[in-house]
Amino acid sequence: MFAHLLPCLLQLLTVLGAEVPAGNHESTSSCLLQQGKRITPDRLAHEAADPYSAALELESDAEKDLQDPTWQWWLDLPEVDDQPASVKLAILLLIKNEVGNAKAWLDWIRSARRHGLHLELLIHASGIGPKEQENATATWPAEFRQSLLPQRAHTTWCDIVNAQVLLMRSAMTDPAISHMVFVDTASIPVELPWVIYEQLALASESRFCKSKHEKRAETWSLIRRSHARLLVDNHDGLRKQLLDKLHLVSEDLNPGQVCLEEVVWRWPLVLRDRRRQDMGNLSQLMDSCVMFVDWQITRNPTKRRRDWEGGFDHCEDCDALRACNRAKEAQLAHPATFGTLTQPAFQELLRSPFWFARKFEDGAMSEEVLDTADSTWRALSQGALFSHGKQHR
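Using the working numbering, read the sequence shown as starting at 1 and increasing by one per residue.
In case anyone wonders, no lab produced these hints; they're calculated from the structure. Quick caveat: nothing in here was measured; it's all calculated off a predicted structure. The reader is advised that the hints may include incorrect statements.
Here are the simulated lysine-lysine pairs, DSS-like style, with alpha carbons at most 30 Å apart [to be verified]:
1) K103 <-> K131
2) K96 <-> K131
3) K96 <-> K240
4) K64 <-> K212
5) K240 <-> K212
6) K64 <-> K96
7) K245 <-> K131
8) K103 <-> K240
The following label-pair restraints were derived from C-beta to C-beta distances [to be verified]:
9) D68 <-> S375: 52 to 58 Å
10) E361 <-> T173: 30 to 36 Å
11) T156 <-> G237: 18 to 24 Å
Idealized CB from N, CA, C, for every residue including glycine.
All chains should be modelled from the sequences, with the hints used to inform the complete structure.
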(Lines of atoms letter the chains of each structure in order from A; the text may use other names.)
(Lines give C-alpha, C1' and ligand atoms only; values in the text may rest on other atoms or scores of the structure.)
Protein backbone atom coordinates (compact mmCIF):
# COMPACT_ATOMS: atom_id res chain seq x y z
CA MET A 1 0.00 0.00 0.00
CA PHE A 2 3.01 2.29 0.38
CA ALA A 3 4.48 1.52 -3.03
CA HIS A 4 3.66 5.01 -4.32
CA LEU A 5 5.98 6.51 -1.68
CA LEU A 6 9.02 4.51 -2.79
CA PRO A 7 10.29 7.10 -5.33
CA CYS A 8 10.15 9.77 -2.63
CA LEU A 9 12.03 7.65 -0.11
CA LEU A 10 14.70 6.81 -2.64
CA GLN A 11 15.18 10.46 -3.46
CA LEU A 12 15.33 11.47 0.18
CA LEU A 13 18.03 8.86 0.75
CA THR A 14 20.19 10.70 -1.78
CA VAL A 15 20.26 13.69 0.56
CA LEU A 16 22.09 11.52 3.08
CA GLY A 17 24.43 10.20 0.42
CA ALA A 18 23.01 6.69 0.72
CA GLU A 19 23.42 4.17 -2.07
CA VAL A 20 20.33 4.17 -4.26
CA PRO A 21 19.71 1.68 -7.08
CA ALA A 22 20.45 3.05 -10.53
CA GLY A 23 17.54 4.49 -12.39
CA ASN A 24 15.67 5.64 -9.30
CA HIS A 25 16.84 9.25 -9.03
CA GLU A 26 14.35 10.88 -11.37
CA SER A 27 11.55 13.03 -9.91
CA THR A 28 8.06 11.65 -10.45
CA SER A 29 4.69 13.34 -10.44
CA SER A 30 3.31 10.89 -7.92
CA CYS A 31 6.15 11.73 -5.56
CA LEU A 32 5.65 15.47 -5.88
CA LEU A 33 1.94 15.15 -5.24
CA GLN A 34 2.45 13.19 -2.04
CA GLN A 35 4.97 15.19 -0.10
CA GLY A 36 5.23 18.40 1.89
CA LYS A 37 3.68 21.83 1.93
CA ARG A 38 6.04 23.23 -0.67
CA ILE A 39 4.97 21.03 -3.57
CA THR A 40 1.25 20.26 -3.49
CA PRO A 41 -1.37 19.42 -6.12
CA ASP A 42 -2.88 22.89 -5.80
CA ARG A 43 0.48 24.55 -6.26
CA LEU A 44 1.41 22.38 -9.21
CA ALA A 45 -1.94 23.17 -10.82
CA HIS A 46 -1.43 26.89 -10.18
CA GLU A 47 2.02 26.83 -11.75
CA ALA A 48 0.89 24.74 -14.70
CA ALA A 49 -2.09 26.97 -15.55
CA ASP A 50 -0.92 30.49 -16.40
CA PRO A 51 -3.95 32.75 -15.88
CA TYR A 52 -2.46 35.58 -17.90
CA SER A 53 -3.33 36.11 -21.53
CA ALA A 54 0.34 36.84 -22.22
CA ALA A 55 1.00 33.11 -21.82
CA LEU A 56 -0.32 32.59 -25.35
CA GLU A 57 2.10 35.21 -26.61
CA LEU A 58 4.99 33.51 -24.84
CA GLU A 59 3.93 30.19 -26.30
CA SER A 60 4.00 31.79 -29.72
CA ASP A 61 7.44 33.28 -28.98
CA ALA A 62 8.73 29.86 -27.99
CA GLU A 63 7.45 28.28 -31.20
CA LYS A 64 9.00 31.12 -33.19
CA ASP A 65 12.39 30.84 -31.50
CA LEU A 66 12.39 27.05 -31.84
CA GLN A 67 12.15 27.56 -35.61
CA ASP A 68 14.61 30.47 -35.69
CA PRO A 69 17.88 29.41 -37.39
CA THR A 70 19.88 31.73 -35.12
CA TRP A 71 18.89 29.59 -32.12
CA GLN A 72 19.80 26.26 -33.71
CA TRP A 73 23.40 26.25 -32.47
CA TRP A 74 22.07 26.36 -28.92
CA LEU A 75 19.28 23.85 -29.45
CA ASP A 76 21.62 21.38 -31.14
CA LEU A 77 24.11 21.24 -28.26
CA PRO A 78 24.21 17.75 -26.71
CA GLU A 79 22.69 17.14 -23.31
CA VAL A 80 25.05 17.48 -20.35
CA ASP A 81 25.25 14.37 -18.19
CA ASP A 82 26.75 16.08 -15.16
CA GLN A 83 24.06 15.93 -12.46
CA PRO A 84 25.05 14.31 -9.13
CA ALA A 85 22.52 11.95 -7.57
CA SER A 86 22.90 13.46 -4.09
CA VAL A 87 22.09 17.04 -3.12
CA LYS A 88 24.80 19.57 -2.35
CA LEU A 89 23.96 23.25 -2.59
CA ALA A 90 26.33 26.11 -3.40
CA ILE A 91 25.37 29.57 -2.13
CA LEU A 92 26.70 32.08 -4.69
CA LEU A 93 26.91 35.41 -2.88
CA LEU A 94 27.42 38.67 -4.79
CA ILE A 95 28.62 41.60 -2.67
CA LYS A 96 30.53 44.85 -3.07
CA ASN A 97 32.86 44.89 -0.06
CA GLU A 98 30.93 43.56 2.95
CA VAL A 99 28.71 40.58 3.69
CA GLY A 100 25.38 42.00 4.82
CA ASN A 101 23.33 40.24 7.49
CA ALA A 102 26.46 38.23 8.28
CA LYS A 103 25.23 36.77 11.58
CA ALA A 104 22.13 35.29 9.94
CA TRP A 105 24.20 33.66 7.19
CA LEU A 106 26.75 32.27 9.65
CA ASP A 107 24.03 30.77 11.85
CA TRP A 108 22.26 29.25 8.86
CA ILE A 109 25.42 27.78 7.32
CA ARG A 110 26.62 26.39 10.65
CA SER A 111 23.20 24.88 11.31
CA ALA A 112 23.25 23.11 7.94
CA ARG A 113 26.71 21.70 8.54
CA ARG A 114 25.82 20.74 12.11
CA HIS A 115 23.04 18.60 10.69
CA GLY A 116 25.39 16.90 8.27
CA LEU A 117 24.23 18.78 5.19
CA HIS A 118 27.18 19.49 2.93
CA LEU A 119 27.07 22.89 1.26
CA GLU A 120 29.44 25.42 -0.24
CA LEU A 121 29.60 29.20 0.12
CA LEU A 122 31.29 31.20 -2.64
CA ILE A 123 31.60 34.99 -2.56
CA HIS A 124 32.31 37.45 -5.37
CA ALA A 125 33.26 40.90 -4.01
CA SER A 126 33.22 43.45 -6.82
CA GLY A 127 34.58 46.22 -4.58
CA ILE A 128 37.59 44.38 -3.17
CA GLY A 129 40.62 44.10 -5.44
CA PRO A 130 42.78 40.97 -5.18
CA LYS A 131 45.71 42.97 -3.80
CA GLU A 132 43.64 44.47 -0.98
CA GLN A 133 41.77 41.27 -0.18
CA GLU A 134 43.83 40.26 2.86
CA ASN A 135 43.46 43.61 4.64
CA ALA A 136 39.83 44.11 3.62
CA THR A 137 38.76 40.76 5.03
CA ALA A 138 40.92 40.69 8.16
CA THR A 139 37.91 40.97 10.47
CA TRP A 140 35.70 38.54 8.54
CA PRO A 141 34.78 35.16 10.07
CA ALA A 142 36.85 32.29 8.74
CA GLU A 143 33.88 30.90 6.78
CA PHE A 144 33.68 34.10 4.74
CA ARG A 145 37.43 34.58 4.22
CA GLN A 146 37.79 31.03 2.93
CA SER A 147 34.84 31.50 0.58
CA LEU A 148 35.97 34.71 -1.14
CA LEU A 149 37.05 34.11 -4.73
CA PRO A 150 40.55 35.40 -5.53
CA GLN A 151 39.40 36.39 -9.05
CA ARG A 152 37.16 39.32 -9.96
CA ALA A 153 34.86 39.67 -12.95
CA HIS A 154 33.87 42.98 -14.46
CA THR A 155 30.35 44.00 -13.45
CA THR A 156 28.28 47.02 -14.29
CA TRP A 157 24.72 48.20 -13.86
CA CYS A 158 22.37 45.55 -15.28
CA ASP A 159 25.21 43.25 -16.28
CA ILE A 160 26.61 40.94 -13.61
CA VAL A 161 26.72 37.97 -15.98
CA ASN A 162 30.51 37.61 -15.86
CA ALA A 163 30.46 37.46 -12.06
CA GLN A 164 27.69 34.86 -12.18
CA VAL A 165 29.72 32.81 -14.66
CA LEU A 166 32.79 33.02 -12.43
CA LEU A 167 30.79 31.86 -9.41
CA MET A 168 29.13 28.98 -11.28
CA ARG A 169 32.44 27.87 -12.77
CA SER A 170 34.05 27.94 -9.32
CA ALA A 171 31.17 25.93 -7.85
CA MET A 172 31.56 23.26 -10.50
CA THR A 173 35.14 22.54 -9.49
CA ASP A 174 33.48 20.51 -6.74
CA PRO A 175 31.96 17.50 -8.54
CA ALA A 176 29.46 16.98 -5.70
CA ILE A 177 27.71 20.34 -6.18
CA SER A 178 24.25 19.57 -7.57
CA HIS A 179 22.60 23.01 -7.39
CA MET A 180 23.62 26.64 -7.00
CA VAL A 181 21.58 29.64 -5.91
CA PHE A 182 22.34 33.34 -6.36
CA VAL A 183 21.97 35.67 -3.38
CA ASP A 184 23.35 39.13 -2.60
CA THR A 185 24.47 41.25 0.31
CA ALA A 186 20.89 42.37 1.02
CA SER A 187 19.61 38.78 1.22
CA ILE A 188 18.83 36.67 4.27
CA PRO A 189 18.24 32.92 4.60
CA VAL A 190 14.75 31.89 5.69
CA GLU A 191 13.96 28.23 5.14
CA LEU A 192 15.35 25.43 7.28
CA PRO A 193 18.37 24.00 5.44
CA TRP A 194 17.13 20.40 5.58
CA VAL A 195 13.80 21.43 4.06
CA ILE A 196 15.63 22.96 1.08
CA TYR A 197 17.62 19.76 0.65
CA GLU A 198 14.45 17.70 0.94
CA GLN A 199 12.75 19.77 -1.74
CA LEU A 200 15.75 19.50 -4.08
CA ALA A 201 15.81 15.72 -3.55
CA LEU A 202 12.11 15.56 -4.43
CA ALA A 203 12.43 17.84 -7.46
CA SER A 204 15.88 18.55 -8.89
CA GLU A 205 14.70 21.07 -11.49
CA SER A 206 16.20 24.54 -11.91
CA ARG A 207 13.94 27.18 -10.38
CA PHE A 208 13.39 30.61 -11.93
CA CYS A 209 11.12 33.42 -10.75
CA LYS A 210 9.71 34.53 -14.08
CA SER A 211 7.89 37.64 -15.13
CA LYS A 212 4.18 37.30 -15.86
CA HIS A 213 4.39 39.10 -19.17
CA GLU A 214 7.92 38.89 -20.55
CA LYS A 215 10.75 36.52 -21.31
CA ARG A 216 12.76 37.48 -18.28
CA ALA A 217 13.38 36.13 -14.79
CA GLU A 218 14.60 37.47 -11.48
CA THR A 219 18.36 37.46 -10.94
CA TRP A 220 18.04 35.33 -7.81
CA SER A 221 17.53 31.92 -9.37
CA LEU A 222 18.47 28.37 -8.42
CA ILE A 223 20.18 26.39 -11.18
CA ARG A 224 20.91 22.68 -11.35
CA ARG A 225 24.45 21.69 -12.24
CA SER A 226 23.70 20.26 -15.69
CA HIS A 227 22.09 23.56 -16.70
CA ALA A 228 24.90 25.61 -15.17
CA ARG A 229 27.44 23.62 -17.20
CA LEU A 230 25.62 24.40 -20.45
CA LEU A 231 25.22 28.08 -19.56
CA VAL A 232 28.82 28.60 -18.44
CA ASP A 233 30.33 26.80 -21.42
CA ASN A 234 28.25 28.87 -23.85
CA HIS A 235 27.73 32.19 -22.07
CA ASP A 236 29.57 34.25 -24.69
CA GLY A 237 27.33 32.93 -27.44
CA LEU A 238 24.21 33.44 -25.34
CA ARG A 239 25.20 37.02 -24.52
CA LYS A 240 25.66 37.83 -28.20
CA GLN A 241 22.46 36.01 -29.11
CA LEU A 242 20.32 37.89 -26.60
CA LEU A 243 21.85 41.30 -27.28
CA ASP A 244 21.33 40.79 -31.01
CA LYS A 245 17.72 39.81 -30.40
CA LEU A 246 17.19 42.93 -28.30
CA HIS A 247 19.05 45.11 -30.83
CA LEU A 248 21.35 46.27 -28.01
CA VAL A 249 24.99 46.37 -27.12
CA SER A 250 26.29 46.02 -23.59
CA GLU A 251 26.67 49.78 -23.18
CA ASP A 252 22.95 50.26 -23.86
CA LEU A 253 21.76 48.18 -20.91
CA ASN A 254 19.74 50.02 -18.31
CA PRO A 255 16.96 49.06 -15.88
CA GLY A 256 14.34 50.84 -17.98
CA GLN A 257 15.02 48.42 -20.82
CA VAL A 258 16.50 45.14 -19.68
CA CYS A 259 19.13 43.72 -17.38
CA LEU A 260 21.18 41.08 -19.17
CA GLU A 261 21.20 38.68 -16.23
CA GLU A 262 17.39 38.71 -16.31
CA VAL A 263 17.19 37.37 -19.87
CA VAL A 264 20.35 35.40 -20.57
CA TRP A 265 19.73 32.31 -18.42
CA ARG A 266 16.08 31.25 -18.23
CA TRP A 267 14.75 31.77 -21.75
CA PRO A 268 17.49 29.76 -23.50
CA LEU A 269 16.82 26.94 -21.03
CA VAL A 270 13.09 27.21 -21.71
CA LEU A 271 13.75 26.60 -25.40
CA ARG A 272 15.96 23.57 -24.77
CA ASP A 273 13.49 22.25 -22.21
CA ARG A 274 10.65 22.60 -24.70
CA ARG A 275 12.67 20.60 -27.20
CA ARG A 276 13.32 17.96 -24.50
CA GLN A 277 9.62 17.63 -23.78
CA ASP A 278 8.78 17.40 -27.48
CA MET A 279 11.09 14.37 -27.54
CA GLY A 280 9.19 12.74 -24.67
CA ASN A 281 11.47 13.69 -21.78
CA LEU A 282 10.50 15.21 -18.43
CA SER A 283 10.92 18.93 -17.88
CA GLN A 284 13.99 20.09 -15.96
CA LEU A 285 12.63 23.59 -15.26
CA MET A 286 10.29 24.88 -12.59
CA ASP A 287 8.71 28.33 -12.45
CA SER A 288 9.24 28.89 -8.74
CA CYS A 289 10.47 31.90 -6.74
CA VAL A 290 12.96 30.83 -4.09
CA MET A 291 13.69 34.47 -3.18
CA PHE A 292 11.12 36.84 -1.67
CA VAL A 293 11.42 40.30 -3.26
CA ASP A 294 8.79 43.05 -3.21
CA TRP A 295 8.73 44.91 -6.53
CA GLN A 296 5.09 45.96 -6.24
CA ILE A 297 5.65 49.32 -4.63
CA THR A 298 3.64 52.37 -5.60
CA ARG A 299 6.59 54.66 -6.31
CA ASN A 300 8.39 52.18 -8.55
CA PRO A 301 7.57 53.27 -12.11
CA THR A 302 9.35 50.29 -13.67
CA LYS A 303 6.20 48.41 -14.61
CA ARG A 304 8.12 45.49 -16.09
CA ARG A 305 9.42 44.52 -12.68
CA ARG A 306 6.14 44.97 -10.88
CA ASP A 307 5.08 41.81 -12.65
CA TRP A 308 7.56 39.38 -11.07
CA GLU A 309 5.72 36.32 -9.79
CA GLY A 310 7.12 36.60 -6.30
CA GLY A 311 6.87 38.84 -3.27
CA PHE A 312 3.51 39.25 -1.63
CA ASP A 313 1.82 37.26 -4.40
CA HIS A 314 2.99 34.14 -2.56
CA CYS A 315 3.36 35.48 0.97
CA GLU A 316 -0.15 35.04 2.34
CA ASP A 317 -1.19 36.78 5.56
CA CYS A 318 2.04 38.77 5.63
CA ASP A 319 0.74 42.01 7.11
CA ALA A 320 3.56 42.28 9.64
CA LEU A 321 6.16 41.87 6.90
CA ARG A 322 4.41 44.46 4.76
CA ALA A 323 4.55 46.90 7.66
CA CYS A 324 8.37 46.60 7.67
CA ASN A 325 8.49 47.81 4.06
CA ARG A 326 10.33 51.11 3.56
CA ALA A 327 8.51 51.78 0.30
CA LYS A 328 8.65 55.54 0.79
CA GLU A 329 12.38 55.33 0.05
CA ALA A 330 11.97 53.30 -3.12
CA GLN A 331 13.99 54.41 -6.10
CA LEU A 332 13.68 53.84 -9.81
CA ALA A 333 13.97 50.17 -10.76
CA HIS A 334 14.67 49.04 -7.19
CA PRO A 335 12.55 46.69 -5.09
CA ALA A 336 11.31 47.71 -1.68
CA THR A 337 13.86 47.89 1.13
CA PHE A 338 13.11 46.49 4.58
CA GLY A 339 14.75 48.48 7.34
CA THR A 340 13.72 46.11 10.10
CA LEU A 341 12.41 42.58 10.45
CA THR A 342 10.14 42.06 13.42
CA GLN A 343 9.43 38.74 15.12
CA PRO A 344 5.93 38.45 13.58
CA ALA A 345 7.32 39.36 10.14
CA PHE A 346 10.04 36.70 10.40
CA GLN A 347 7.43 34.11 11.40
CA GLU A 348 5.43 35.07 8.32
CA LEU A 349 8.47 34.49 6.13
CA LEU A 350 9.01 31.10 7.76
CA ARG A 351 5.45 30.13 6.84
CA SER A 352 5.86 31.39 3.26
CA PRO A 353 7.12 29.22 0.38
CA PHE A 354 10.35 31.25 0.08
CA TRP A 355 13.80 29.90 0.89
CA PHE A 356 15.54 33.30 1.00
CA ALA A 357 14.43 36.92 1.14
CA ARG A 358 15.65 40.39 0.22
CA LYS A 359 16.06 43.41 0.31
CA PHE A 360 17.00 43.70 4.00
CA GLU A 361 19.36 46.35 5.31
CA ASP A 362 22.34 45.21 7.32
CA GLY A 363 21.17 45.11 10.92
CA ALA A 364 17.49 44.72 10.01
CA MET A 365 17.38 41.56 12.12
CA SER A 366 17.55 42.38 15.83
CA GLU A 367 19.36 40.11 18.29
CA GLU A 368 15.99 38.75 19.36
CA VAL A 369 15.02 37.86 15.79
CA LEU A 370 18.46 36.40 15.12
CA ASP A 371 18.10 34.21 18.22
CA THR A 372 14.70 33.04 16.99
CA ALA A 373 16.11 32.29 13.55
CA ASP A 374 19.09 30.40 14.93
CA SER A 375 16.98 28.29 17.26
CA THR A 376 14.56 27.54 14.40
CA TRP A 377 17.33 26.46 12.04
CA ARG A 378 18.87 24.32 14.78
CA ALA A 379 15.61 22.73 15.88
CA LEU A 380 15.20 19.82 13.48
CA SER A 381 17.97 17.42 12.63
CA GLN A 382 18.50 15.89 9.23
CA GLY A 383 16.75 12.77 10.46
CA ALA A 384 13.54 14.76 10.40
CA LEU A 385 13.50 14.23 6.64
CA PHE A 386 11.77 10.92 7.26
CA SER A 387 9.35 11.97 9.99
CA HIS A 388 8.46 15.61 9.42
CA GLY A 389 6.95 17.49 6.53
CA LYS A 390 6.71 21.23 6.16
CA GLN A 391 3.03 20.93 7.01
CA HIS A 392 3.96 19.90 10.57
CA ARG A 393 5.52 23.24 11.41
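Structure-based check of all given hints:
For the hint linking K103 to K131, the alpha-carbon distance of about 26 Å falls within 30 Å, and the restraint holds. Between K96 and K131 the alpha-carbon distance is near 15 Å, which keeps this suggested pair within the 30 Å criterion. Between K96 and K240 the CA atoms are separated by roughly 27 Å; this keeps the pair inside 30 Å, and the hint holds. For a cut-off of 30 Å, the pair hint linking K64 to K212 stands: about 19 Å separates their Cα positions.
Among the hinted pairs, K240 with K212 is consistent with the structure: their alpha-carbon atoms are about 25 Å apart, no more than 30 Å. Proposed proximity of K64 and K96 is contradicted: the alpha carbons are some 39 Å apart, above 30 Å. For the hint linking K245 to K131, the alpha-carbon distance of about 39 Å lies beyond 30 Å, and the restraint is violated. Only pairs whose Cα atoms come within 30 Å are accepted, and K103 paired with K240 is rejected, the gap being roughly 40 Å.
D68 and S375 have their C-beta atoms about 53 Å apart, which keeps the hinted 52 to 58 Å range intact. Under the hint 30 to 36 Å, the C-beta atoms of E361 and T173, about 33 Å apart, fit the expected range. About 20 Å separates the C-beta atoms of T156 and G237, a value consistent with the hinted range of 18 to 24 Å.
When each numbered hint is compared with the structure, violations occur for hints 6, 7 and 8.
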